[in-house]
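Counting with numbering that gives the first Met the number 0, you get residues 0 to 444 for the letters of the sequence shown.
Be aware that a few hints might be false.
[To be verified] Computed spacing ranges between beta-carbons, pair by pair: (1) Ala283 x Arg128: 23 to 29 angstroms; (2) Gly98 x Arg138: 30 to 36 angstroms; (3) Asn125 x His89: 22 to 28 angstroms; (4) Glu322 x Glu273: 45 to 51 angstroms; (5) Glu322 x Arg138: 41 to 47 angstroms; (6) Leu290 x Tyr404: 44 to 50 angstroms; (7) Gln255 x Thr380: 36 to 42 angstroms; (8) Glu211 x Glu262: 35 to 41 angstroms; (9) His89 x Glu259: 51 to 57 angstroms; (10) Ala283 x Val147: 55 to 61 angstroms; (11) Leu377 x Gly98: 52 to 58 angstroms; (12) Glu273 x Ser423: 48 to 54 angstroms.
These aren't lab readings, by the way, just hints derived from the structure by calculation.
Glycine included, every Cβ here is placed at the ideal spot set by N, Cα and C.
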Amino acid sequence: MPRPACHGTGAGGRRLAAMNLLATENTIHPDWPVRVKVVPDNLATAASLTENGQHLEMHPAEQIAGFRAMAAEGKTPAQTGDLLGYSPRHVQRMLKLAGLAPVILEALAADKITTEHCQALALEDNPDRQVQVYEAACREGWNNKPEVRVIRNLITDSQVSTLNNSKYTFVGEKAFSGDEIRADLFSDEQGGFVDKLALDTALLEKLQWVAECLKEAEGWAWCAGRMEPVSRYGEDTEVYRIQDEPDAVYTEQEQQRLDELQELYDENQTASDETDTMESEIEAIECAAQLRAWTLEMRAQSGVVVSWRHGEICVQRGVSLREQSETEDEPAQVPVYERQPEPVDEISVPLLTRMCAERTLSVQAALMQQPEKSLALLAWTLCLNVFSSGAYNRPAQISLNCKHYSLTKDAPSGESGVAFVTLSQEGKRLETLLPEGWTQDFTTF
């Protein structure tokens with residue numbers, strides 16, 4: 000096969016320059032033989048990137064240009080990764096950066112910005128918009144240096160992250176088109192961003208769909224899907240009336256099975272797949288019994304409202320529309336369940352306040368006298384803060400407040416009570432143990 004008169008230099012450019020210098024200085028003859036390795040054209044770029052990467056860590060801008068050249072040759076990210084020793088995901092990320100505006104890539108090559116800046120700018124697909132965001136971030140940054148946080152905020156100001164987003168998880172990725180989700184290839188958790196309004200719209204549509212399913216399955220007169228639960232206060236009271244849930248009605252078989260499950264559950268001290276199964280069955284039995292409590296007549300005159308609260312679905316059954324009774328000639332005879340009064344309802348609020356204050360002081364004094372139980376209670380509370388998944392938990396945030404003034408004001412015994420006197424005496428004793436200047440820092444402790 001005939002060979003061309005000359006070859007391009009895919010690797011060894013500095014060695015070629017050194018030999019040319021030696022030739023000009025007559026150290027070697029111009030026709031001095033040089034050993035070379037000829038590679039096919041389709042491997043020239045890969046050979047250049049491989050050798051340069053082995054001798055010296057390549058600049059990100061050079062790596063981006065090299066990956067882009069190999070992609071132009073028709074190589075897939077997997078093929079490029081196999082040739083150069085990179086993962087396909089790394090190649091995909093660098094090719095994503097290759098689509099940035101030329102001005103941004105020039106800034107990267109000049110070390111004015113880093114790959115982190117480029118990764119944030121890659122969240123925007125429009126090159127013109129990328130330049131606008133970059134220039135705006137430069138203006139906001141100190142000494143005309145943009146911050147990654149500012150770039151990300153400018154691009155996603157009207158969007159929310161899909162990562163650990165309960166709304167997005169509930170709605171599902173299929174609810175959005177590919178253009179509506181801004182994928183973040185540089186997130187280790189495969190996250191992205193979606194427009195807030197689009198997410199809320201999709202959520203409302205699915206809540207309405209769930210409400211319609213419950214209406215058909217359970218036999219309610221009407222249904223509604225909304226973003227927030229129906230409130231017993233404010234404007235909702237002019238439209239809706241919320242009935243108290245009737246007591247659950249269990250069949251004999253359900254009650255027997257529930258007792259068996261509860262006994263088995265109490266015997267298992269640790270969480271497992273078996274306990275999860277039991278919890279699911281208990282929840283299903285309780286749900287069926289609660290639904291059975293709503294009679295067919297109640298359902299025929301009331302509705303079900305499905306909303307979103309604390310990161311999960313909220314279902315309100317037995318909600319009545321006030322406008323129905325107002326528009327009809329005769330008042331609507333809606334079966335209403337009323338909660339039976341309990342003995343505690345007869346206690347006045349002032350008396351209840353005084354009793355609670357007295358009880359709190361007594362509990363505080365009792366805990367003070369039992370330090371082991373106090374320590375256990377503190378450890379338990381801290382574990383709840385750290386490991387519990389409640390919506391309002393704040394991990395490792397401890398607050399200590401002394402509210403004796405309000406307690407002694409409400410408690411009948413006041414400051415002369417045994418509990419408060421015991422607390423005061425112990426407080427004074429402990430305070431005398433503290434050295435002078437202990438408030439300056441925590442070295443003493």
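These are the hints, each one checked on the structure:
1. Ala283 x Arg128: 23 to 29 angstroms: 50 angstroms, violated
2. Gly98 x Arg138: 30 to 36 angstroms: Because 24 angstroms falls outside the window, the suggested range is violated.
3. Asn125 x His89: 22 to 28 angstroms: 25 angstroms, holds
4. Glu322 x Glu273: 45 to 51 angstroms: 50 angstroms, holds
5. Glu322 x Arg138: 41 to 47 angstroms: The hinted range 41 to 47 angstroms is violated for Glu322 and Arg138, with Cβ atoms some 55 angstroms apart.
6. Leu290 x Tyr404: 44 to 50 angstroms: This hint holds: roughly 49 angstroms between Cβ atoms.
7. Gln255 x Thr380: 36 to 42 angstroms: 37 angstroms, holds
8. Glu211 x Glu262: 35 to 41 angstroms: Once the Cβ atoms are compared, 39 angstroms apart, the range 35 to 41 angstroms for Glu262 and Glu211 holds.
9. His89 x Glu259: 51 to 57 angstroms: Because 55 angstroms falls inside the window, the suggested range holds.
10. Ala283 x Val147: 55 to 61 angstroms: 48 angstroms, violated
11. Leu377 x Gly98: 52 to 58 angstroms: 55 angstroms, holds
12. Glu273 x Ser423: 48 to 54 angstroms: 51 angstroms, holds
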